[in-house]
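Sequential numbering from 11 applies to the sequence shown in the numbering used here.
There may be inaccurate statements among the hints.
Claimed, not checked - Straight-line alpha carbon distances no greater than 30 angstroms define the calculated DSS-like cross-link-like pairs of lysine-lysine that follow:
#1 K23 <-> K116
#2 K87 <-> K116
#3 K23 <-> K94
By construction, these hints were calculated from the structure, which means they are not laboratory data.
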Amino acid sequence: AILPLERFVELRKDQPMANTDNALETAYYFLGESYLVTDYVEEAANTFEAALVISPHDADALYQVGRAYLLLEEYDKSLEKLDKAVRLVPDFTEAYSTMIECYSAKNEPDYVAYARGMEAYSLADYETAETHLLFATEALPEYSPAFLGLGLAHEKAGAYAEALEAVNQALVLDPNNYAAIQAQG
Numbered sequence: 011a012i013l014p015l016e017r018f019v020e021l022r023k024d025q026p027m028a029n030t031d032n033a034l035e036t037a038y039y040f041l042g043e044s045y046l047v048t049d050y051v052e053e054a055a056n057t058f059e060a061a062l063v064i065s066p067h068d069a070d071a072l073y074q075v076g077r078a079y080l081l082l083e084e085y086d087k088s089l090e091k092l093d094k095a096v097r098l099v100p101d102f103t104e105a106y107s108t109m110i111e112c113y114s115a116k117n118e119p120d121y122v123a124y125a126r127g128m129e130a131y132s133l134a135d136y137e138t139a140e141t142h143l144l145f146a147t148e149a150l151p152e153y154s155p156a157f158l159g160l161g162l163a164h165e166k167a168g169a170y171a172e173a174l175e176a177v178n179q180a181l182v183l184d185p186n187n188y189a190a191i192q193a194q195g
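Full structure from sequences and hints, please.
In structure tokens form, the structure reads like this:
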């Protein structure tokens with residue numbers, strides 16, 4: 011798959027409308043996936059980044075480039091992309107699993123608890139999610155995503171008053187958090 015995709019990209023990448031070409035974005039995405047499975051990780055990261063120029067809100071491309079940066083041991087870049095992916099898709103299990111790997115590699119157990127909680131949430135294991143996210147909110151009292159996650163887990167568990175309290179705290183910490191605004195409603 012790599013050779014025809016590379017040829018397609020080569021033919022279209024310098025066209026006047028390349029930055030809005032959805033077919034080119036799709037080709038970049040599948041080329042990046044092909045590079046990842048064949049261990050051309052740096053090429054994969056660059057290719058996914060090119061896809062994101064065309065479609066910056068593609069959660070799957072954000073996740074894939076996050077995986078590539080993890081393999082390149084560029085953990086902060088990975089986490090930046092994964093954070094954007096989960097903001098777009100709050101129950102993105104694979105993205106949280108990759109976050110766990112990054113935070114573990116960085117030896118940041120409090121953030122590992124957050125990612126484990128959100129992974130459990132995305133798998134509908136709300137009791138486990140609440141346990142990890144309670145720990146994360148206590149350890150990271152200024153980290154809005156942990157409070158949002160706790161609020162979502164509480165809501166799914168039927169603890170609505172606790173859910174609203176956690177979501178309100180997420181909004182105190184980050185008043186522009188669209189997901190928290192939605193959750194509050």
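- prompt: Where does the structure disagree with the numbered hints, that is, which hint numbers, in rising order?
  reply: Hint 1 is the one this structure does not satisfy, whereas the remaining hints hold.
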